[in-house]
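Each chain, written out:
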Amino acid sequence: MLNTGKWKNQRFSEIDVTSPVRTYLIGRTHPLTELINEIREIFISMGFSEIGGSTIQSCFWNFDILFTPQDHPARDMQDTFYLSNLTDEEEVDPIISNKVSTFHKTEWKYDWNLEKSKKTVLRTHTTPVTIKYLSENKIEYGRIFSIGRVFRNEKMSYKHLMEFHQIEGIVISDSVNIRDLMGLQKQFYSKLGLTKVKFWPTYFPYTEPSLQSMVYIDKLGKWVELFGMGIFRPEVTQSAGILNNVLAWGGGLERIAMIRYGLDDIRELYDNKLSWLRTQPICPL
Amino acid sequence: MPVVEFPLEDISRLFPDYDLSYLIDTLPFIGLDLEYRDDKSIRLEYSPNRPDFSTFYGIARALSGLLGKELGIPKFQVIEKKKNIITVDTSVSNVRPFIVGIVAKNHKLNNKTIKQIVSMQEDLHNGIGRGRSKASIGFHNLENIEFPLDYTTALENLSFTPLDYNSALTLTEILHKTDTGKKFGELVNGSIYPIIKDSRNTVISLPPIINSEITRIKEGVDNLFVEVTGADKKTVDHVLANIIATLADIGFELENVIIKRNSNNTLSYNSEMNIILENVKLDYINKVLGLSLTSEEIVDCLRKCRLDAKVIASRSINCMIPSYRIDIFSPIDIVEEVAIGYGVFNLEPSLPEFTLYGNKSRQNYFFDKIRQVMVGLGLTENINFILGSKDIHYKRMNMDNFDLFTVNNSKSEEHDVLRTSLLPSLLHSLSKNVHEEYPQKLFEIGEVFVPKKKKFERWNLCCISAFNGVTYSEIKSVLQTLMEICFKVKFETNPSANSSFIRGRSADIMYKQKVIGQIGEISPLLIDGFKIKMPVAAFELDLTELLPI
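Chains A and S, in that order, give the protein sequences.
Residue numbers for the first sequence follow the numbering used here, beginning at 1 and rising by one.
Residue numbers for the second sequence follow the numbering used here, beginning at 1 and rising by one.
Hints in this document: simulated from the structure, not taken from any laboratory.
Heads up, some of the hints might be wrong.
[Said to hold, decoys possible] Straight line, CA to CA, 25 angstroms or less: simulated DMTMM-like cross-link-like pairs of lysine to aspartate or glutamate:
#, chain 1, residue 1, chain 2, residue 2
1, S, K395, S, D528
2, S, K369, A, E41
3, A, K159, S, E5
4, S, K432, A, D265
5, S, K411, A, D71
[To be verified] Label pairs and their calculated CB-CB ranges:
#, chain 1, residue 1, chain 2, residue 2, range
6, A, E38, S, G469, 35 to 41 angstroms
7, S, K182, A, H160, 26 to 32 angstroms
8, S, I485, A, W7, 35 to 41 angstroms
9, S, G68, A, T102, 37 to 43 angstroms
10, A, Q70, S, K183, 18 to 24 angstroms
Don't be surprised by glycine CBs; every beta carbon is placed ideally from N, CA and C.
Model the full structure from these sequences, guided by the hints.
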């Protein structure tokens, strides 16, 4: 009809344009991927470059170089996943391990054991990736970030997962200070749409000073604790052969995802229920 | 993280001139987390590196400083008493070498104070005491003790009446019958056991297991003897310093306890025994904080943190740290104290200059492109845990060999092996979604761990398609589209036998003469095992082999 031009003399029957139609099932990325990509873009817009590294780490990189003593409770099997029958055969540069040994001996007052540091764990945070990267590349100036899986031996509940994503931002320079770290943090949050931020002192084994931040979530009408931050201790940077100050911040990604997607149970993020995946708005207005 | 309860009436009693909510709002700025609040009390979470926060007295001590109410190192008076002696027998040196003690007098214990003391004891045992190995504490009623005491060892057949029992047990029985004996017995397992007995030969403690019933502390007791024993001298001293500070703040009068190791070697607690950190540079402090404080201002900040400092040269200070603090190692720790004294709320956020250009990792550049193709093909992304169960990753997959990494002591049986492929989780995902509309087409990009490969951490892509009428060609089309449209590369499918797929309908995916994955129609055995009730086709690709990542 279109080819012959016959349509010119035809009348089209009317249809009910208000009648309902089906919504297509479309392919889509996981909401967590979408959030990760958004956060990745924020980092990049702030001049950060992405790094990645091993999920299985030796105790040396996960704990020892980060000034966490070998009898620290966080290293207990209660909290950390140790791999059965896998030790890290890769030799740590003796210059680095000697420094670690000395710092643990003089400051924590015990005999540091090299063999214990070769046990392997599922990384409990992404910082081993960061410190290894800084140490191997001898970087003194820069901005880097990573987003990756981390593990804690916890019983799963609506509040806790034994496996989740951590994001981590790092600034290294001779001229940066704690106020800069707070400023960068505010800038990062504001790009996520979070403008009310509070800071207070806290403790992490490998940073000093250390701060905790809280942001106000309008949707929830309350303050929520998000990222921890600090400046790497000199014991850590000196062991890694770094001279400049290293600002670091990080924390779990899933908590932001729960707020974003209005979830009360953190496990839903890994449930892969199609009823949920197919209906989450990709770009809610 | 340990938690301390701070009754509101005690906050008001200790800080009568301040507004209650102002005080509570200030607590986070000495490093405490408000965990809970009701109309009677607040609960504060603190980090174990601050054992002085294990009672609300210690918290009040720090808060007084930040408020400017009391400044500098607190002074606790300890009266010298020649008769309070513990003689240490050399036999303890291989069992539990160190002991220190203190006598506290003239304050009537009530239930609230006992509760604080017990909670402090518990926290110190777990934290700095490292599960009672490095140090443990015993609180005793002084009335039933006669100095001098002996810290010595005994054989397993010695007996005394332990706490909560009404008849004597031998040391062996104590180790096997009492709760703490079962829990901490291995710390003293040997042929001889450390004990403390008084001058009448009454055993008052088997450290670090249990005290005797006779020296039990209870409401109404007003004189105490406290001993700390342990494997590490420095820890034992730190623990005692914390106990002394708390007992003094509670209102006890303190008396020295002399430790006699042998005739010419005596030791006792000295209240002036502060830690000194010399020659901390002002410029260093200012550089890290981004401030320009004068030496006087810095000294003032430190005194607000209950430290003391002396200006020694124009740009340098010596810092004095009370011995109950265990968290100060080097100048950077002083920097943090200055920040806290200055008030973190007074620190203005700033932004460093930068001219850097960021980028995403090469790996994620590739993964994003793959996602784009998968979504275009109508697939929905899944994200599963790396830690899975043997049931899903092995049994239900009908696998004959079993080579995967496992983790020790997982608190959940469903999560104790590292996945070697993504397919099992996606099949599991289909089984959870049998009531949803078909077709169901899923994909996942994720890390897998293959013990037999040299580089055992690998990244895979898995695609799975389930609907009535799904075929091998359907899933091969997905693979081919990815390889051609995304990467513009050629691949081959060589027939192969794989127990997860239907015989004669599965292949190895070949790229540059290497096997980089498997493809096929899923075996009905698996479909049955996962209770999917729908034909399924899938492929899994080793991206670490395919991509330059």
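Hints versus structure:
no. : hint                                   : in the structure
1   : S:K395 with S:D528                     : 12 angstroms, holds
2   : S:K369 with A:E41                      : 15 angstroms, holds
3   : A:K159 with S:E5                       : 23 angstroms, holds
4   : S:K432 with A:D265                     : 17 angstroms, holds
5   : S:K411 with A:D71                      : 21 angstroms, holds
6   : A:E38 with S:G469: 35 to 41 angstroms  : 38 angstroms, holds
7   : S:K182 with A:H160: 26 to 32 angstroms : 29 angstroms, holds
8   : S:I485 with A:W7: 35 to 41 angstroms   : 37 angstroms, holds
9   : S:G68 with A:T102: 37 to 43 angstroms  : 39 angstroms, holds
10  : A:Q70 with S:K183: 18 to 24 angstroms  : 22 angstroms, holds
When each numbered hint is compared with the structure, no violation occurs for any of them.
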